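There are 2 protein chains.
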Amino acid sequence: MNNATGSYAPTPYTVPTRGRERASYDRALVHSILDAGYLCHLGFVREGRPVVLPTLYARIGERLYVHGSTGSRPLREAGAAPGLPVCVTVTHLDALVLARSAFHHSVNYRSVVVHGTATPVTAPEEKATVLDALVDHVVPGRSADSRRADARELAATAVLALELEEVSAKVRTGGPNDDPEDLSLPHWSGLVPVRVVHGDPVPADDLSPGTSAPDYLTAGSRP
Amino acid sequence: MNNATGSYAPTPYTVPTRGRERASYDRALVHSILDAGYLCHLGFVREGRPVVLPTLYARIGERLYVHGSTGSRPLREAGAAPGLPVCVTVTHLDALVLARSAFHHSVNYRSVVVHGTATPVTAPEEKATVLDALVDHVVPGRSADSRRADARELAATAVLALELEEVSAKVRTGGPNDDPEDLSLPHWSGLVPVRVVHGDPVPADDLSPGTSAPDYLTAGSRP
Chain A
1 MNNATGSYAP
11 TPYTVPTRGR
21 ERASYDRALV
31 HSILDAGYLC
41 HLGFVREGRP
51 VVLPTLYARI
61 GERLYVHGST
71 GSRPLREAGA
81 APGLPVCVTV
91 THLDALVLAR
101 SAFHHSVNYR
111 SVVVHGTATP
121 VTAPEEKATV
131 LDALVDHVVP
141 GRSADSRRAD
151 ARELAATAVL
161 ALELEEVSAK
171 VRTGGPNDDP
181 EDLSLPHWSG
191 LVPVRVVHGD
201 PVPADDLSPG
211 TSAPDYLTAG
221 SRP
Chain B
1 MNNATGSYAP
11 TPYTVPTRGR
21 ERASYDRALV
31 HSILDAGYLC
41 HLGFVREGRP
51 VVLPTLYARI
61 GERLYVHGST
71 GSRPLREAGA
81 APGLPVCVTV
91 THLDALVLAR
101 SAFHHSVNYR
111 SVVVHGTATP
121 VTAPEEKATV
131 LDALVDHVVP
141 GRSADSRRAD
151 ARELAATAVL
161 ALELEEVSAK
171 VRTGGPNDDP
181 EDLSLPHWSG
191 LVPVRVVHGD
201 PVPADDLSPG
211 TSAPDYLTAG
221 SRP
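Same order as they appear, the protein sequences are chains A and B.
When you line the first sequence up against UniProt numbering, it's residues 1 to 223, in that order.
When you line the second sequence up against UniProt numbering, it's residues 1 to 223, in that order.
By construction, these hints were calculated from the structure, which means they are not laboratory data.
Being a predicted model, the structure only gives us computed values, none of them experimental.
A hint or two may mislead.
[To be verified] Cβ-Cβ distance ranges computed for the label pairs, FRET-style:
hint, chain 1, residue 1, chain 2, residue 2, range
1, B, R63, A, P140, 40 to 50 Å
2, B, S32, A, G6, 40 to 50 Å
3, A, R148, B, R63, 43 to 53 Å
4, B, G174, A, E165, 36 to 46 Å
5, B, D26, A, T122, 34 to 44 Å
6, A, E21, B, G174, 20 to 30 Å
7, A, S208, B, R18, 24 to 34 Å
8, A, P10, B, S32, 35 to 45 Å
9, B, D35, A, R148, 54 to 64 Å
[Claimed, not checked] If the Cβ cut is set under 10 Å, some of the chain A residues that face chain B in the computed set are:
hint, residue
10, P16
11, R49
12, L96
13, L98
14, G175
15, W188
16, V196
17, D205
[Claimed, not checked] A few chain B residues that face chain A, going by a derived Cβ cut-off under 7 Å, partial list only:
hint, residue
18, T17
19, P50
20, A128
21, T129
22, L131
23, V138
24, V192
25, H198
In this text, a Cβ means the ideal position worked out from N, Cα and C, and glycines have one as well.
So here's chain A without its partners, still in its complex pose:
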């Protein structure tokens, strides 16, 4: 999935006003950051005011799919031409950065910001493919080990699609950047790594006895 080459073209919406040295338009980097996340934050405008909601998503090629509920406001508004202007942001926190000075404290992170116009997925076949992708995005391999959605469930599933065109990544790595005159201060400085890990699977109360947890649920950190 991450053998993409080339870069997205920067636009006025994807060149940050600050921190340009941390920005990247590399397609493979953007894909890897998107694919490693669980939840995105979906932004849209309601009556002139911003709204930001967490939701599930999945990428298929150069298209991003965002999960919603039929009847929810952004889904309804996306149905009217030409679609709903959205901003979808995915962020991973990698480390806390402790400098000697309060001012230079920071965090290491990887983020992707996607600007675009979202439209609802209506074709049942595409919807079925997307629902599988949403499930596999959270637990790779899971869609093949579950009952597929029927026509009624597909009708009750709402998904927005947007193209990956106006896209940028931003990454901070490395240690603290203390000022030279602070290096002799007695305060500890460095990084505290932060990771997302899985615990042991917890069976549902009504799981049939003897049903063992599948191989794809091995505990560990998100790859």
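Could you slot chain B onto chain A? The hints should help.
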């Protein structure tokens, strides 16, 4: 910090169109979700289009502070009366929810959505207090063990403030909600807990030899 009582008053912006049974306006719950996060997602409107950016934040009482950079677009726009309409969202992922049916897959999460008008913090004294709070929000106890910001650094720090008034929390807990007719399917179902953990501290390359990591950096999950 979490001994707050009472609730926020629901408004048209904080009553979800879907999933109302998961919504809460409980002040102590909102505070606990905000205080447990590292990064928020800040949404604002730029030329009619939504923008969502990850950034650091801290809560002091009923006021939320969001970190920015002087010169960045939202900070500049917030300086013009009456301020910048924003939506600040904080989300914690707690578990992956695996149902027998693809349709009922979900995640357990806790989120808070804050709507409001952000204004820049300009008083140097408040700014110094906020910078301490931002540092302590990421690493409790750290601000007292670092060099405080000087006047030049405070001038270079940009912080937005907004009141916690239009606020709601949303929480999903518990196992999968499979349909009765799916309970006998052979697929494993249950939860995969997800946690954020700290790794061992990594000293800065230029840390003076013999400087040991402080007690407040004990490895472990976020409380």
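Checked hints:
The given range of 40 to 50 Å is respected by R63/B and P140/A, whose C-beta atoms sit roughly 42 Å from each other. At about 44 Å, the beta-carbon gap between S32/B and G6/A stays in the expected band of 40 to 50 Å. Between R148/A and R63/B the CB atoms are about 48 Å apart, so this pair conforms to the stated range of 43 to 53 Å. For G174/B paired with E165/A, a C-beta distance near 39 Å keeps the hint of 36 to 46 Å intact.
With their beta carbons about 38 Å apart, D26/B and T122/A fall inside the hinted range of 34 to 44 Å. Against the hinted window of 20 to 30 Å, the Cβ-Cβ separation of E21/A and G174/B comes to about 45 Å, which falls outside the hint. About 32 Å separates the C-beta atoms of S208/A and R18/B, a value consistent with the hinted range of 24 to 34 Å. Between P10/A and S32/B, the C-beta spacing of about 40 Å keeps the proposed range 35 to 45 Å intact.
Roughly 41 Å separates the CB atoms of D35/B and R148/A, a value that falls outside the hinted 54 to 64 Å. Nearest Cβ of chain B to the Cβ of P16/A: about 8 Å, under the 10 Å cut. The hint holds. Hint on R49/A holds. Least Cβ distance to chain B is approximately 5 Å, under the 10 Å limit. At about 5 Å, the closest approach between the beta carbon of L96/A and any beta carbon in chain B falls short of 10 Å, and the interface hint on this residue holds.
Interface restraint check: L98/A against chain B, minimum CB-CB distance 6 Å, threshold 10 Å, status holds. About 5 Å separates the beta-carbon of G175/A from the nearest beta-carbon of chain B, less than 10 Å, and the hint is met. A distance limit of 10 Å between C-beta atoms decides the matter here; for W188/A the minimum to chain B is near 5 Å, and the interface restraint holds. The beta carbon of V196/A is positioned within 10 Å of a beta carbon in chain B (closest approach about 6 Å), and the interface hint is therefore held.
The closest approach between the C-beta of D205/A and any C-beta of chain B is roughly 6 Å, which is under the 10 Å cut-off, so the hint is satisfied. Nearest Cβ of chain A to the Cβ of T17/B: about 5 Å, under the 7 Å cut. The hint holds. For P50/B, the interface hint holds, since its Cβ comes within 7 Å of a Cβ in chain A; the closest pair sits about 4 Å apart. Taken as an interface hint, A128/B does not check out: its beta carbon lies about 9 Å from the nearest beta carbon of chain A, beyond 7 Å.
Because the closest C-beta pair between T129/B and chain A is about 11 Å apart, greater than 7 Å, the hint is violated. The restraint placing L131/B at the interface with chain A holds, with a minimum CB-CB distance near 6 Å, inside the 7 Å limit. With its C-beta approaching chain A no nearer than about 5 Å, V138/B sits inside the 7 Å limit, and its interface hint holds. Below 7 Å, beta-carbon pairs count as interface contacts, and V192/B has one with chain A at about 5 Å; its hint therefore holds.
Satisfaction of the interface hint for H198/B is found here, the shortest Cβ-Cβ separation to chain A being roughly 5 Å, below the 7 Å cut-off.
The structure shown violates the earlier hints numbered 6, 9, 20 and 21.
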